[in-house]
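> All chains should be built: construct the whole structure from the sequences, respecting the hints.
Protein chains in written order, with our numbering: chain V, 1 to 313; chain W, 1 to 258.
It should be emphasised that the hints constitute simulated quantities derived from the structure, not laboratory data. Cβ atoms here follow ideal geometry from the backbone N, Cα and C, with glycine treated the same way. Some hints could be false.
[Claimed, not checked] In silico DSS-like links for lysine-lysine, alpha-carbon gap of 30 Å or less: (1) V:K159 - W:K258; (2) W:K77 - V:K139; (3) W:K81 - V:K159; (4) V:K142 - W:K81; (5) V:K23 - V:K303; (6) W:K81 - V:K20; (7) W:K258 - V:K20; (8) V:K23 - W:K77; (9) V:K248 - V:K233; (10) W:K81 - V:K23; (11) V:K186 - V:K142; (12) V:K159 - V:K142; (13) V:K186 - V:K159; (14) V:K23 - V:K301; (15) V:K23 - W:K258; (16) V:K142 - W:K77; (17) W:K77 - V:K20; (18) V:K114 - V:K159; (19) V:K142 - W:K258.
[Unchecked claim] Partial selection, computed: residues in chain W whose CB lies under 7 Å from chain V: (20) N11; (21) E15; (22) Y85; (23) N256.
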Amino acid sequence: MHAIEIVGLVKVYSVGFWRKRPKCALHPLHLNVEEGEIFGFLGPNGAGKTTTLKMLMGLVFPTSGSARILGRDLNDPGMKAQIGFLPEQPYFYDYLTARELLEYYGRLSGVAGKDLSARVQSVLGRVGLPDVAGVQLRKFSKGMLQRVGIAQAILHEPKVVFLDEPMSGLDPMGRREVRDLMEQLKAEGKTVFFSTHILSDAEALCDRVAVIHLGELRAVGAVADLTSGVQGKVEIVWEGTVVPTSIKTIGATCHVTGDTVRAVVAEESQDLVIDALRRERLRIVSLVPVRTTLEQYFVEKLKRSEKTAGSLA
Amino acid sequence: MNNRIACIASNTFREAVRDRVLYNLIAFAVLLSGAAILVGQISIDIEKLVVINLGLTAVSLFGVVIAIFVGIGLVSKEIEKRTLYTVLSRPVRRWEFIIGKFFGLAGTLVVNAFCMAIGVFGALLYVAHKFQKPDGWVLVALYFIILQFLIICSLALLFSSFSSPLLSAVFAFSLFVIGTFSEDLRNFAAMAQGMTKWVATAVAYLVPNFSALNVISSVAHGQPVSSQLIIFNSLYALLYSMMALCGAILIFQRRNLK
Ligand SMILES: Nc1ncnc2c1ncn2[C@@H]1O[C@H](COP(=O)(O)OP(=O)(O)O)[C@@H](O)[C@H]1O
Ligand SMILES: [Mg+2]
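This is the structure:
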């Protein structure tokens with residue numbers, strides 16, 4: 001059984017105030033997500049990620065196609081007790097305190113009694129908000145709301161967790177914590193399906209990803225498979241104003257600023273550049289990847305498909 | 001009542017309380033005690049009449065205003081603010097949400113009316129120094145007022161399930177006003193001719209019959225309410241709000257959330 005099984009989901013919105021025009025937000029989407037994996041749903045803004053998630057959650061209805069979660073129908077309450085959902089930019093009843101909100105959601109998901117208050121306390125600790133349980137949500141910052149959102153998604157120990165842009169609105173520390181949390185969920189045997197346009201997150205976490213652009217699925221697979229044959233780039237900075245000729249010949253773009261030189265080269269020629277610099281006894285200041293391989297993949301793949309847009313299914 | 005409906009209802013009640021909806025009771029208390037003290041000083045005979053008339057009318061009007069203003073936002077506000085996402089992605093069926101909201105608002109109004117009723121009886125005691133048997137009919141009038149609230153709640157929910165709060169408010173208020181004069185409308189329909197007769201009759205039977213639910217002035221005069229009317233009104237309110245709620249559910253079931 002697949003954790004998530006999407007069979008030809010299509011969503012056509014009608015837009016425009018007076019004259020309604022159809023707008024296809026999602027072309028037939030076929031996708032399977034296995035149990036126990038972290039699955040990244042990638043795509044630039046407006047790709048159709050949120051639309052897909054909203055259909056899976058039963059918030060909007062598909063124009064055609066169907067989907068099953070844990071082998072069950074989308075409006076099966078028994079299945080819904082076993083999933084958690086973090087919406088994009090979540091907003092909650094701001095007259096409630098964090099604890100009241102989570103208790104409310106817990107009850108709606110069928111958690112009750114003593115179990116409930118214990119779980120609320122532990123989940124608040126887990127998302128890094130142990131001390132603000134009694135504070136009204138209207139006093140929460142955006143990042144704190146995002147954490148409350150994650151808390152409500154995992155509170156009832158769901159088998160499948162859906163997260164729409166879980167890292168947005170978080171500081172670097174927060175993003176680190178959310179990554180760790182997602183890895184813990186996987187370790188507990190849960191399935192995590194999350195959407196993002198931040199590729200480094202996906203690259204660090206996902207067993208598999210799907211790439212979607214303009215409502216069309218472009219690729220599915222393990223990150224390593226998708227990016228084989230795609231090169232990342234690194235930025236190398238060294239002291240001085242000299243650019244060795246061997247570096248010029250590999251076609252690196254070099255900029256001299258003050259008394260340092262900055263060069264951006266393909267990942268594969270990185271060793272070549274380092275060797276050249278050491279031969280010339282130039283001191284290397286830094287070496288950082290500027291584009292992850294997945295990002296590079298995106299740039300190439302999506303650029304190419306935009307040119308041929310329409311001819312692709 | 002199932003657990004989820006109870007949960008949603010109590011949260012709706014809590015929201016109303018925290019949004020200071022019950023503060024209207026202060027205005028009510030000021031109005032009523034002012035009136036009681038004033039009439040207490042003038043005459044001997046009409047003071048009960050004034051207190052009952054004024055008190056019950058205020059109970060009804062305050063409640064109607066709350067029912068409409070809270071009711072019109074019950075669904076549309078949750079869609080607008082997207083607070084529904086995290087509710088409907090749980091094992092909550094859409095109809096349970098609507099019913100929960102209905103009971104939450106109805107509960108708020110009943111609690112509100114109950115507090116006001118205590119005030120009305122207090123004012124009665126103040127001007128008349130003792131209760132008499134006909135004062136019991138005031139309870140029936142209050143019961144009818146609550147039936148009226150149930151109808152308005154369900155209508156506000158119905159409008160809230162498909163239109164913006166502003167439009168819903170306009171719809172609900174117009175229905176309330178027309179419904180209050182539904183008896184006149186029926187009389188008019190009986191006398192009219194041709195097309196006008198058909199339209200007037202249709203409208204008269206479609207709008208809620210608030211005339212029959214308003215026994216304030218006869219109760220103020222100490223007249224009894226027939227048990228027939230009590231039964232009729234109970235069934236009528238039950239059926240009418242059930243139909244409006246069914247409509248709200250049917251619309252909401254199909255709705256794509258923004
Ligand atoms: N309610 C709506 N009405 C009309 N168009 C919409 C609606 N929601 C989304 N869209 C359109 O559908 C496309 C996909 O949007 P969305 O799923 O939000 O993308 P993503 O989450 O990947 O950024 C966008 O072009 C967006 O403008
Ligand atoms: Mg989105």
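> State for each hint whether it applies.
Tested hints:
Between V:K159 and W:K258 the CA atoms are separated by roughly 27 Å; this keeps the pair inside 30 Å, and the hint holds. With a CA separation close to 20 Å, the supplied pair W:K77 and V:K139 stays within the 30 Å bound. With a C-alpha separation of about 27 Å, the suggested pairing of W:K81 with V:K159 holds against the 30 Å cut-off. Of the supplied pair hints, the one linking V:K142 and W:K81 holds, its CA atoms being roughly 15 Å apart against a limit of 30 Å.
Between the alpha carbons of V:K23 and V:K303 the distance comes to roughly 22 Å, so the proposed pair stays at or under 30 Å and holds. This hinted pair checks out: W:K81 and V:K20 have alpha carbons roughly 24 Å apart, not beyond 30 Å. A distance of roughly 16 Å separates the Cα atoms of W:K258 and V:K20; the hinted pair therefore holds under the 30 Å criterion. As the CA atoms of V:K23 and W:K77 are separated by approximately 26 Å, the hinted pair is consistent with the 30 Å bound.
Among the hinted pairs, V:K248 with V:K233 is consistent with the structure: their alpha-carbon atoms are about 16 Å apart, no more than 30 Å. Our distance criterion of 30 Å between C-alpha atoms is met by W:K81 and V:K23, whose separation comes to about 24 Å. Taking the CA atoms of V:K186 and V:K142, the gap is near 26 Å; set against the 30 Å cutoff, the hint holds. At most 30 Å may separate the alpha-carbon atoms for a hinted pair to count; V:K159 and V:K142 meet this at roughly 27 Å.
With a C-alpha separation of about 10 Å, the suggested pair V:K186 and V:K159 falls inside the 30 Å cut-off, and the hint holds. Restraint check for V:K23 and V:K301: the C-alpha separation of about 24 Å stays at or below 30 Å, so the hint holds. Of the supplied pair hints, the one linking V:K23 and W:K258 holds, its CA atoms being roughly 15 Å apart against a limit of 30 Å. A threshold of 30 Å between alpha carbons decides the hint, and for V:K142 with W:K77 the separation of about 20 Å falls inside it, so the pair holds.
Proximity of W:K77 to V:K20 is assessed by CA-CA distance (about 24 Å); at most 30 Å being required, the pair is judged to hold. With a C-alpha separation of about 22 Å, the suggested pairing of V:K114 with V:K159 holds against the 30 Å cut-off. Pair hint V:K142 plus W:K258 holds up; C-alpha atoms about 21 Å apart against a cutoff of 30 Å. The beta carbon of W:N11 comes within 6 Å of a beta carbon in chain V, closer than 7 Å, and the hint placing it at the interface holds.
With a cut of 7 Å, the hint placing W:E15 at the interface with chain V holds, because the nearest CB-to-CB distance is about 6 Å. Taken as an interface hint, W:Y85 checks out: its beta carbon lies about 4 Å from the nearest beta carbon of chain V, inside 7 Å. Hint status for W:N256: holds, given a least beta-carbon distance of 4 Å to chain V, under 7 Å.
Hint compliance for this structure: no hint is broken.
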